[in-house]
Each structure stands twice: as C-alpha cells, then as structure tokens.
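Protein chains in written order, with the working numbering: chain A, 1 to 275; chain B, 1 to 358.
Since the hints were derived computationally from the structure, they do not count as laboratory data. Please note that a few of the clues may not be correct.
What the hints assert, rightly or not - Capping the alpha-carbon separation at 27 Å, the derived lysine-lysine pairs in DSSO-like fashion look like this: (1) A/Lys127 to A/Lys92; (2) A/Lys250 to A/Lys49; (3) A/Lys112 to B/Lys348; (4) B/Lys348 to A/Lys167; (5) B/Lys10 to A/Lys127; (6) A/Lys92 to A/Lys112; (7) A/Lys92 to A/Lys250; (8) A/Lys90 to A/Lys127; (9) A/Lys167 to A/Lys127; (10) A/Lys49 to A/Lys86; (11) A/Lys167 to A/Lys112; (12) A/Lys112 to B/Lys14; (13) A/Lys250 to A/Lys90; (14) B/Lys350 to A/Lys167; (15) A/Lys49 to A/Lys92; (16) A/Lys38 to A/Lys250; (17) B/Lys14 to A/Lys152; (18) B/Lys129 to A/Lys112; (19) A/Lys127 to A/Lys49; (20) B/Lys350 to A/Lys112; (21) A/Lys92 to B/Lys129; (22) B/Lys129 to A/Lys90; (23) A/Lys167 to B/Lys14; (24) B/Lys348 to B/Lys14; (25) B/Lys350 to B/Lys10; (26) A/Lys112 to A/Lys127; (27) B/Lys14 to A/Lys127; (28) B/Lys10 to A/Lys167; (29) B/Lys10 to A/Lys152.
Said to hold, decoys possible - Some but not every residue of chain B turned toward chain A, in silico, with C-beta under 7 Å: (30) Tyr13; (31) Leu199; (32) Asn202; (33) Val203; (34) Gly206; (35) Arg207; (36) Arg210; (37) Ser211; (38) Met213; (39) Asp217; (40) Met218.
Note that this is a predicted model, so its numbers are computed, not measured. Where is the CB? At the ideal position from N, CA and C, for every residue including glycine.
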Amino acid sequence: MNAFATDMTAAPDGVSETAHREELLRVDNVSLSFGGVKAITDISFDILKGEIRAIIGPNGAGKTSMLNVINGFYHPQEGTITWRGKERRKMKPYEAASQGIARTFQNVALFKGMTTLDNIMSGRSLKMHRSFFWQVIWRGPAEREEIEHRRKVEDIIDFLEIQAIRKTPVGRLPYGLQKRVELGRALAMEPDLLLLDEPMAGMNLEEKEDMSRFILDVNQEFGTTIALIEHDMGVVMDLSDRVVVLDYGKKIADGPPEEVQANQNVIDAYLGVSH
Amino acid sequence: MFYREAGQFKTSYKADQALMPILQDRVGLLVILAVAFVVIPVFANDFFLTSIMIPFLVFSLAAIGLNVLTGFCGQLSLGTGAFMGVGAYAAYKLTSIFPDANVILMVLLSGVFSAAIGAVFGLPSLRIKGLYLAVTTLAAQFFLEWCFIRIPWLYNYNASGAIEIPHREAFGVVVSGAEATPIVRYFIVLGITALIAYLMANVLRGRIGRSWMMIRDMDIAAELMGIRPLQTKLMAFAVSSYICGVAGAMMVFFWLNAAEPSSYSISLSFQILFMVILGGLGSLSGAFMGAAFIWILPVFLKFIPGTIGINVAAETVEHITFMVVGALIIFFLIVEPHGFARLWQIAKQKLRVWPFPY
Numbered sequence: 001m002n003a004f005a006t007d008m009t010a011a012p013d014g015v016s017e018t019a020h021r022e023e024l025l026r027v028d029n030v031s032l033s034f035g036g037v038k039a040i041t042d043i044s045f046d047i048l049k050g051e052i053r054a055i056i057g058p059n060g061a062g063k064t065s066m067l068n069v070i071n072g073f074y075h076p077q078e079g080t081i082t083w084r085g086k087e088r089r090k091m092k093p094y095e096a097a098s099q100g101i102a103r104t105f106q107n108v109a110l111f112k113g114m115t116t117l118d119n120i121m122s123g124r125s126l127k128m129h130r131s132f133f134w135q136v137i138w139r140g141p142a143e144r145e146e147i148e149h150r151r152k153v154e155d156i157i158d159f160l161e162i163q164a165i166r167k168t169p170v171g172r173l174p175y176g177l178q179k180r181v182e183l184g185r186a187l188a189m190e191p192d193l194l195l196l197d198e199p200m201a202g203m204n205l206e207e208k209e210d211m212s213r214f215i216l217d218v219n220q221e222f223g224t225t226i227a228l229i230e231h232d233m234g235v236v237m238d239l240s241d242r243v244v245v246l247d248y249g250k251k252i253a254d255g256p257p258e259e260v261q262a263n264q265n266v267i268d269a270y271l272g273v274s275h
Numbered sequence: 001m002f003y004r005e006a007g008q009f010k011t012s013y014k015a016d017q018a019l020m021p022i023l024q025d026r027v028g029l030l031v032i033l034a035v036a037f038v039v040i041p042v043f044a045n046d047f048f049l050t051s052i053m054i055p056f057l058v059f060s061l062a063a064i065g066l067n068v069l070t071g072f073c074g075q076l077s078l079g080t081g082a083f084m085g086v087g088a089y090a091a092y093k094l095t096s097i098f099p100d101a102n103v104i105l106m107v108l109l110s111g112v113f114s115a116a117i118g119a120v121f122g123l124p125s126l127r128i129k130g131l132y133l134a135v136t137t138l139a140a141q142f143f144l145e146w147c148f149i150r151i152p153w154l155y156n157y158n159a160s161g162a163i164e165i166p167h168r169e170a171f172g173v174v175v176s177g178a179e180a181t182p183i184v185r186y187f188i189v190l191g192i193t194a195l196i197a198y199l200m201a202n203v204l205r206g207r208i209g210r211s212w213m214m215i216r217d218m219d220i221a222a223e224l225m226g227i228r229p230l231q232t233k234l235m236a237f238a239v240s241s242y243i244c245g246v247a248g249a250m251m252v253f254f255w256l257n258a259a260e261p262s263s264y265s266i267s268l269s270f271q272i273l274f275m276v277i278l279g280g281l282g283s284l285s286g287a288f289m290g291a292a293f294i295w296i297l298p299v300f301l302k303f304i305p306g307t308i309g310i311n312v313a314a315e316t317v318e319h320i321t322f323m324v325v326g327a328l329i330i331f332f333l334i335v336e337p338h339g340f341a342r343l344w345q346i347a348k349q350k351l352r353v354w355p356f357p358y
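Work out the full structure: start from the sequences and follow the hints.
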C-alpha cells in the first residue's frame, strides 16, 4: 500500500509515458448552452487510456457540465465525443454506464436509505441479469448470482477499508466515509473511465491523503482511467498526469501539471488580472 | 439480553444475506406462523376469523402492494382502491367465464389485469414526481370507479350494479359464495398473503428491489449507474398493482361475498395509504403492523366499554373509537414518523444492548 509514495517519484516521467498511450475518449469542439447561458464553448481535449486526467478551473468554469456531457446526462449542441474510437452524438446515461463510464458526484449522491453494502451492490446492477422470475424464487440462480457479486463487492470493501460500516445505512455515516462509499459504488461498476467530481471537497488533510492514495491505487492496480475535478491544487499537481484548465466555459490550458502551473493564462484566471 | 446476535457467526455470504440472519428473528417468525396456521384455526370462533383475521390479512397484502410502490420505489399513489377493484372485477369476470376453473387460480390470475392497468397509469411517473404523481393516480382512481359503475358487462348486467360472488368449489371444498366456511376462507387468505409476502421479500433483497430503492433515494444517480427509470418504475407499478389486485379479489371473494363500486372508492385508497405510512414506508413487516393498527385496534376498542361493565350506546362507542384511533395515529406519528417498523427496530436495538443504554 505504498503506491502513493512510489507514484510521487514516477510522476515526472508519466509525461513521456502518455505519448504512446491509446486514446480512450476524445472531445471535439463541444459547445453546450442552456438558453442564452453558454456553459461550455468549443472545448476539445482527449483522455488517454490509463492516465489520471484532471479538469480544473475557477467556480462556474463548466467542469461539472463537462463531466455531465461525457456521461450522457447533457447533450451538447455542437461538437462530437469519441468514446473508444467510436463517435457518438446523443448518448443516454444508461448507455454510458453500460459502456464503462462511472462517476461520483460533487454533493454526495448515495442512496441514503440503503446500507453501505447495498449501495456498493447497486453498482453491480448492470452486471446482474437474473430475471424477475428467478428473483422471486431466490433459491438457486438468483442467490448464486447475488453471492458471486457479493464477493466482488467485498473485495472493494476490503480495498477501501470500510468493513466495519458494511451494514450501516449510509445516511448515518460521516461525510468522509460517505465519499469513500461513493467511490466504492463507482468502482463496483468496474469502469474503464471513472469520473470523479471533487472527490476531496470538504475533507480534512488526513482524509485527503487517504482519498489520494485510493485514487492512485485504483489507477495503478485496476488500470482504471480517471478524469477528476478538484480544487486542491496540491492534490491535482501530484496526482494527475495531464491537466486541462477551463475558465468561463473555454479551455485556456492543457498539458502536464508543471506546464499548466507556469501558464500565464492559468495564473490570470485564478488570481485575476488587472485590466 | 435475550435478543443478542453475539456468538452467531456467519461463515458464508449465503448465511449473511439470509432474510433473517439472527436466530431470535427466525424463532419469532416461526412462532407467528405457528399461531397463524395452528393456534388461530383451532381456537378462534367464526366472528374472530371473518371480522378480524380475514380483513386484516387482506389489508396487509394490499399494504404490501402499496408499500412496494410508495415505500420501496418512492412513487406516491392514491389509486390503490381502484387497482384492488380491478382485481376484484377481473376475478369475478374470470370465474363467470370459466365457472369450472379453480377460483383460487382465478384470484391469482386477476392480479395480472390490475398489473397491466397499473403499468398504464404508471406511465406519467417518468415525468411527474411526488404529489403531482399522486394526482395522476387519483385520475386512475376516478376513471376506474367510473368504469365499475358504467360498464355493466363488468358486473354481468346485475340489476343491483354489484358483483355477487357465486358458489365455487376447489379441491372438493366450497371456497367462495355464502356457504364457504370461515375457516376455509381464512386458510386461503392466509396462504396467499404469506406466499406473496415471502416472494416479495425475495424480490426486495435482490437486484430488482435495489433498483427500486435506487430510484427512490436518488433517481439521477440511479440513472447514471445504468438503471432505466421508466422500466424500473413501470415494473414497480405493475408488481404493486398485481399484489393490490389479488388483495382486492380476495377482499370480495373470501371476505365480503359481494361488492359495489363504492367498496373500492378513494377512502379505501386512503385507508391502505395510512396503513403503509403508520406501519413504516419501505418495510414488509410494517405493512402487517399498520394493517393491524388500522383494522384490529378499532374492533377491540369497541369491546372495551362492554367488557369493563360501562353501558354506553353503540353509536357513542363508535364515535369514541374514531377519536381514540385518530389520537393514537397522531401520537405515533409524532413519536416515530417512520412508523411501527422503525419503532420495532429501535426496540430491538434497545434489547440488544440491555441493560446498558448503548
């Protein structure tokens, strides 16, 4: 479990690594507006297989809208999204989920009335196929399927170290643990692309360290590609392979962390500029 | 002290996700089943069976049906009475068309018709949520009631406009009509209710039950995790209406013997809804507790003045009962808005840590 430490040193040469990686998702000239409000204007970027891609920007820059476009919740007016080499125009959230895109939410969106275990089991919904008939009978196929998926879910519970809260309704958990359960729920979908919307918002330093370690472990052990929105610059710079910066719905920078950090546009967007 | 799972270790996931992982719960259920299947039939008189147990079980089943929709899938419905009516009229038509077929089968089949109609009236649920959905189900209630009155074919052109349950035999025993004995009716109602309750417990702990609860708790997240909202909601409407339909058919076949359209009016919908709310949304055992509270308690209250020797007029007793039950409903909703099921859970938790507070 010292993946955190090893990656810190590996980060610099991650840049050259990404060059020959396969493209998983590409967004081309996407524009999204709500009535007269332009949320996203002509944005293009790509996400390579196996990388951690950060999307940053000041409040209202269109980061979450971008994630919503990627997993099919919003349909952009212009532009195309290419997922695993296939261009798609309109995609329903159901299709995005079944093709391997999972996400967590900025405000925890767990199923409050269900236990931790059920919440993570719910991530396996798409992988369970026993029909109503077998579910009613339960004994036999439905029970076997449930146990088979329970094993996978227990692996995730072990991985996230939340064994003790397995049977606790998530509404009663503290915020940091809820975030962790939400990550577990997304992991249960065994996604190819994991979208994390501010996974560390509102956490203290220790919780942030834990979460960072989990994100790196997910990336390295499972090989999951991660796109992440985060406001903590230290975390973003340490974790991500490449960063895309949005401001007022436009892309202002894209590149490896140190390059972005030095970019004058980015500094202006964050610190403001005197005109 | 007596309710403690200490020492009961689970060594397989199968044992861990059993319906009742704790031994005491299993024993408790066995005791309840033994009372229901053996003690009550042996000791109860006809009045107890016909006026208390049979309606209680019928209402419990209807409450389970509504609980699937409202408690587990989060879709508020005021059309329960009408869906029960569809079951009753469907079973009546089925047994009129096939007089020789087993009437118990016909009752179980009648739910299919109410499921279909329930699914149709569930269609607006994709766009409409909460109280607004309740209003659209209200439309179902009024439309179906209108059908029961205005379509004479449904009640076989009976001059009185009511359905009267014919004499039917199954397995050589009279099961419906005026000659059917209370004990036979009781066993049929108990059997069907227990069976459906068990089957629903299976559905609710698996993938389908989870998908309903996902829609209830956070529909957007559910959608992004690959749950298709329309299919899931329609399935909940269909399953719920099926159960309500069977309950409605049992109500007229094994309890009332005859029914008018007004038997399945909006007040029945509300009665079932109150049972669900009082018993606990999202709990199967709560459905039974809610039905017991709303149905059995008033019956007992009516006997209290007589047994303790106070001589009051029957109407006064009736009115006092109304007031007491009303006050108790308010009391229990203040004590525990999540219903009897939650109260029972809290009690179990207290028993578990007794004699310490936590």
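Right, here's what the structure says about each hint:
For the suggested pair A/Lys127 and A/Lys92, the alpha carbons sit about 18 Å apart, so the restraint of at most 27 Å is met. As the CA atoms of A/Lys250 and A/Lys49 are separated by approximately 24 Å, the hinted pair is consistent with the 27 Å bound. About 22 Å separates the Cα atoms of A/Lys112 and B/Lys348, which keeps this hinted pair within 27 Å; it holds. Between B/Lys348 and A/Lys167, the direct Cα distance comes to roughly 16 Å. Compliance with the 27 Å bound is thereby established for this hinted pair.
Between B/Lys10 and A/Lys127, the direct Cα distance comes to roughly 26 Å. Compliance with the 27 Å bound is thereby established for this hinted pair. A C-alpha spacing of about 24 Å is found between A/Lys92 and A/Lys112, which places the hinted pair at or below 27 Å, so the restraint holds. Restraint check for A/Lys92 and A/Lys250: satisfied, since their Cα atoms lie roughly 25 Å apart, inside the 27 Å limit. A distance of roughly 23 Å separates the Cα atoms of A/Lys90 and A/Lys127; the hinted pair therefore holds under the 27 Å criterion.
A distance of roughly 22 Å separates the Cα atoms of A/Lys167 and A/Lys127; the hinted pair therefore holds under the 27 Å criterion. For the hint linking A/Lys49 to A/Lys86, the alpha-carbon distance of about 15 Å falls within 27 Å, and the restraint holds. Of the pairs offered as hints, the one joining A/Lys167 and A/Lys112 holds, with about 13 Å between alpha carbons and a cut-off of 27 Å not exceeded. Proximity of A/Lys112 to B/Lys14 is assessed by CA-CA distance (about 25 Å); at most 27 Å being required, the pair is judged to hold.
With a CA separation close to 22 Å, the supplied pair A/Lys250 and A/Lys90 stays within the 27 Å bound. At most 27 Å may separate the alpha-carbon atoms for a hinted pair to count; B/Lys350 and A/Lys167 meet this at roughly 18 Å. Pair hint A/Lys49 plus A/Lys92 holds up; C-alpha atoms about 22 Å apart against a cutoff of 27 Å. A hinted pair counts as satisfied when its Cα atoms are at most 27 Å apart, and A/Lys38 with A/Lys250 qualifies at roughly 10 Å.
With a CA separation close to 14 Å, the supplied pair B/Lys14 and A/Lys152 stays within the 27 Å bound. Between B/Lys129 and A/Lys112, the direct Cα distance comes to roughly 18 Å. Compliance with the 27 Å bound is thereby established for this hinted pair. Between the alpha carbons of A/Lys127 and A/Lys49 the distance comes to roughly 23 Å, so the proposed pair stays at or under 27 Å and holds. Of the pairs offered as hints, the one joining B/Lys350 and A/Lys112 holds, with about 23 Å between alpha carbons and a cut-off of 27 Å not exceeded.
This hinted pair checks out: A/Lys92 and B/Lys129 have alpha carbons roughly 20 Å apart, not beyond 27 Å. The straight-line distance between the Cα atoms of B/Lys129 and A/Lys90 is roughly 25 Å, inside the 27 Å bound, and the hint therefore holds. Note on A/Lys167 and B/Lys14: the hinted pairing holds, with a Cα-Cα distance of about 15 Å set against a maximum of 27 Å. Our distance criterion of 27 Å between C-alpha atoms is met by B/Lys348 and B/Lys14, whose separation comes to about 23 Å.
Taking the CA atoms of B/Lys350 and B/Lys10, the gap is near 23 Å; set against the 27 Å cutoff, the hint holds. Straight-line distance between C-alpha atoms of A/Lys112 and A/Lys127 comes to about 22 Å, which keeps the hinted pair within the 27 Å bound. A hinted pair counts as satisfied when its Cα atoms are at most 27 Å apart, and B/Lys14 with A/Lys127 qualifies at roughly 19 Å. Among the hinted pairs, B/Lys10 with A/Lys167 is consistent with the structure: their alpha-carbon atoms are about 14 Å apart, no more than 27 Å.
Pair hint B/Lys10 plus A/Lys152 holds up; C-alpha atoms about 18 Å apart against a cutoff of 27 Å. Hint status for B/Tyr13: holds, given a least beta-carbon distance of 5 Å to chain A, under 7 Å. With 7 Å as the threshold, the beta carbon of B/Leu199 comes within range of chain A, its nearest partner Cβ sitting at about 5 Å, so the hint holds. Restraint check, B/Asn202 versus chain A: the minimum CB separation of about 4 Å is within 7 Å; hint holds.
Taking 7 Å as the C-beta contact cut-off toward chain A, the hint placing B/Val203 at the interface holds, the least distance being around 5 Å. Given hint, B/Gly206 at the interface with chain A, holds; its Cβ is 5 Å from that chain's nearest Cβ, closer than 7 Å. Contact between B/Arg207 and chain A, as hinted, is supported at the beta carbon level, the nearest pair being about 4 Å apart and thus within 7 Å. Contact between B/Arg210 and chain A, as hinted, is supported at the beta carbon level, the nearest pair being about 5 Å apart and thus within 7 Å.
Hint status for B/Ser211: holds, given a least beta-carbon distance of 6 Å to chain A, under 7 Å. A distance limit of 7 Å between C-beta atoms decides the matter here; for B/Met213 the minimum to chain A is near 6 Å, and the interface restraint holds. The beta carbon of B/Asp217 is positioned within 7 Å of a beta carbon in chain A (closest approach about 4 Å), and the interface hint is therefore held. At its closest, the beta carbon of B/Met218 sits 5 Å from a beta carbon of chain A; the interface hint therefore holds under the 7 Å criterion.
In summary, this structure violates none of the numbered hints.
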